[in-house]
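Can you make the complete structure from the sequences, with help from the hints?
Each residue of the sequence shown is one higher than the one before, counting from 1 in our numbering.
No lab work stands behind these hints: they were computed from the structure.
Quick reminder that beta carbons are idealized off the backbone N, C-alpha and C, glycines included.
Check each hint, because a few of them may be wrong.
Stated by the list, open to error - Lysine to any residue pairs mimicking SDA-like chemistry, simulated, CA-CA at most 20 Å apart:
(1) K11 with K119
(2) K113 with M24
(3) K96 with M24
Said to hold, decoys possible - Listed next, with one range per pair, are the computed distances between beta-carbon atoms:
(4) E35 with T89: 13 to 21 Å
(5) R81 with K11: 30 to 38 Å
(6) A58 with K95: 49 to 57 Å
(7) I48 with K95: 40 to 48 Å
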Amino acid sequence: MKKTQFTDLVKIQKMKVEKIEREMSKEQGHITLFENRASEIEGEILEIQYPTMGTFSAFQQMNMAMHNMKGDVKRLQDGKRETQNRIATLRQKLKKEQMELEKFLYLENDVLKKISEKKKIAERNYTDEVAILLTNVKKQKSEN
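Structural data, given as structure tokens:
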């Protein structure tokens, strides 16, 4: 590809877009981890068997463990929500950077079209000059 004054800007902008996409992918992975861990804990909560007999302290320990597990689920859900907010922010940033990239690509293509047109005109002019020279040579030969 030919190099224009916009080529480096396009390259930099593409790198910015790719970086944001990688960040979004990483954050999406975090959401999956939060969801999986929360599901595991919720499954463990469902499997807990409350004691029907025994000391009150054993019942309190079980209740405390249940409370801690529910707290863990809430923290995971909060983490998921924060990550979703970061993804939404990144999505907006990505949209802005993609628009910038499209602008630079358009400008680069416009410059390349102009360069191509100039080359075509120069080639046409050169071909015309060659044709005129050949015609003049033929005329001179026919006159002699």
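Each hint tested on the structure:
no.: 1; hint: K11 with K119; result: violated (25 Å)
no.: 2; hint: K113 with M24; result: violated (35 Å)
no.: 3; hint: K96 with M24; result: holds (15 Å)
no.: 4; hint: E35 with T89: 13 to 21 Å; result: holds (20 Å)
no.: 5; hint: R81 with K11: 30 to 38 Å; result: holds (36 Å)
no.: 6; hint: A58 with K95: 49 to 57 Å; result: holds (56 Å)
no.: 7; hint: I48 with K95: 40 to 48 Å; result: holds (45 Å)
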